[in-house]
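Trainee: The chain contents come next:
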Amino acid sequence: MAVITFTIDDIQYSAHEGDTVLNVAHANNIHIPTLCYLEGLSPFGACRLCMVEVEGSPKLFPACTTKPAEGMIVRTKTDRLKKYRRMIVELLASEGNHQCAVCVVNGHCELQDLAYEVGLDHVRFPYLFPNKSLDATHKEFVIDRNRCVLCTRCVRVCHEVEGAHVWDIAWRGINCEIISDMNQPWGDSQLCTSCGKCVRVCPVGALLEKGQTVGELRKERSFVKFIVNARTKREWITNGIEEDE
Amino acid sequence: MSKTITISPVTRIEGHAKITIQLDDNGDVVNTRFHVNEFRGFEKFTEGRLLWEMPGITSRICGICPASHLITSAKAGDDILAVDIPETAERLRRLLTLAQLLQSHALSFFHLSSPDFLLGFDSDPATRNVFGLIAADKELARRGIRLRKFGQEIIEILGGRKIHTPWTVPGGVREPLDPAKKDYIKGWIPEAKETVAVALKTIKQIHKKFVKEIPAFGNFRSLFVGLVTPDGGIEHYDGLIRIMDGDGNVIADKLPPKNYFEYFGEAVEPWSYLKFPYYKPMDYPDGMYRVGPLARVNICDFIGTPLAEEERKEFKALGGSSGCVNNSFYYHYARCIEMLFAVERIEEILNDAATIGTNIRSLASINRTEGIGCSEAPRGILFHHYYVNKDGVIQKANLIIATAQNNLAMNRTVQQIATHFIDGKKGKIAEGILNRVEAGIRCYDPCLSCSTHALGQMPLEIELTGPGGEVLDTVRR
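These protein sequences, in sequence, are chains V and G.
Under our numbering, read the first sequence as residues 1 to 245, first letter to last.
Under our numbering, read the second sequence as residues 246 to 722, first letter to last.
These aren't lab readings, by the way, just hints derived from the structure by calculation.
It should be emphasised that the depicted structure is a prediction, and the values quoted were computed from it without experimental measurement.
Errors might be hidden in some of the hints.
[Said to hold, decoys possible] Below, computed lysine to any residue pairings styled on SDA-like, alpha-carbon distance capped at 25 angstroms:
hint : chain 1 : residue 1 : chain 2 : residue 2
1    : G       : K525      : G       : G491
2    : G       : K426      : V       : E216
3    : G       : K635      : V       : E216
4    : V       : K132      : G       : F287
[Stated by the list, open to error] Which bits of chain G does chain V cover? Going by a derived footprint, with three or more residues having C-beta under 8 angstroms, they are:
hint : region
5    : 292-300
6    : 408-414
From the three backbone atoms N, C-alpha and C, an ideal C-beta is built for every residue, glycine too.
Full structure from sequences and hints, please.
Mentor: Pasting the structure below:
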């Protein structure tokens, strides 16, 4: 297997086939913010928070889906990137109905953490206050589309890990929504096994357990990596599971 | 020439309101109105939300008494889950209720009302506030601030934060009380008792000082409504509704709070966002009733803690042979008695072994589609009434707030004070008289954030208008 040498933020790193810029960066303790990415699930490139600059191209590339090439020069912390990352979080905030103060994951939310990280002290875009639905028909879980950031982690974990493929994306553009089965109530789903993986991977409070109150829901997400490792490598390494705090 | 005097907004209350006083051609007061010009709409936008979120959402109605909304909402949730909460959870919720009562009453008495009493209604408005109080009587102000801190500390110990804790939930509470923290709370009790004794001594001196003002400070007969224990004792967390008339007769007793809509109606007037609740059998507006400290101390047969019970007897003597105190000025006195009760009762609860337990939450799913929670907020009886679907999604919410229930009485109080003190013939309105009108409102410690679910700025503007609406005189603070 050929080893590739490339540069991230002026330091050279080697990558193997199948690596992405993001996992090489993470393996070398270079922080790149992410939202839709989750270790164990296929990269999707939906949120654009992990965008990096590649010398020689005017375009920005999502680190999670970009493969390193020999001699590639990547920059992860330029002013341009910081500006766009902040703008992305502002757009996410303005497109949904995110009321942190009364949300089940207040204090344990990846979007909230990102907002702090990018220095989001106010939102410059008008809030859209979209009329989104809440589906509480499932016996144990709820989907509140007001808080959904369309990261598609739920879609991927259900399809790739559980194998049920309950979730999908309906509609187009800004009107996209996560739906269960063929846009039927979640409680009526023929496919759902009630495993709860989608709830645990959701980075925000869009998928939640019934009965949870404000700030009470903490999600543990490293189980995905554990299951995928066990399935593909026949390795059951439990010390990888930690509480996401 | 008839005139209208407007006081807008009213200061040192929680929220935003204005008062208009209409004068006739002779300069006599013909009508007064206490307008609440704020609107928030919690009942509407909680439709479609989950039952379990309701305590967290409704506690955001107010930053002064979020715990009261939290508890009442959780109780409506208990009703929908159809569960009895564990004994420890009940003790801890009571502790929260009393801590809330104490901190809110301390705020009302020391921070908001005592500047009027101690500096005088006619003193300079620039210094007639808590800072002026600090300058005039540093020790009293310090004590007041610390008493409020005591209440807030209990709330923080129980719920993790002083304001908007989400700790009370349908089915119980989220965290037990740490036994080490229990001893810390107990350490505050002696100082809190001393401070309340100072407050009681102060209010009794004030009764003597304001002999001229008190007889016209909302002195009228009305019904009094509140919760009592099944055997007639004072109650804040649970209990049954008792209704007393202005002559001290109990006209309805042991009414279950879940049937509140059979007893109380709500009228709407075009000039205020605050609704006008009334006692249905007596119709609107004759069914006017008062809630809060004055009502609670009036209607109960006993208080049940030794020091507060002695004070209750002294209080009842003010009502003469009927034993019913009809003067709204004595809300302040009743508030002080309740502070004493709260401190004594907090001590009792802390000494109760059941308070330290770890069984604190009953788990259940939706077992009813309608639930009603009721408790006594610092300002009076509070109802949360929810309808949910089988999945626990709110279909309709009705919140009946203490301040709204005092709305008719507040209007009546303004009218009485205005009629007594304002002589419209002089054309100009003396500052001190308008302050008396405001102070009349302040007896009720109204929380307009809660009652309309609103919040606003507080400059003071007084307007005199002629019959055609033309502004004749304006005074701004």
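Trainee: Now tell me, hint by hint, if it's right for this structure.
Mentor: Here is how each hint holds up against the structure:
1. K525(G) <-> G491(G): Roughly 17 angstroms separates the two Cα atoms, so the pair holds.
2. K426(G) <-> E216(V): holds (22 angstroms)
3. K635(G) <-> E216(V): holds (23 angstroms)
4. K132(V) <-> F287(G): It holds: about 18 angstroms lies between the C-alpha atoms, which stays within 25 angstroms.
5. 292-300: Since 6 is at least three, the answer is holds.
6. 408-414: holds (count 3)
Figure legend: structure checked against the earlier numbered hints; every hint is met.
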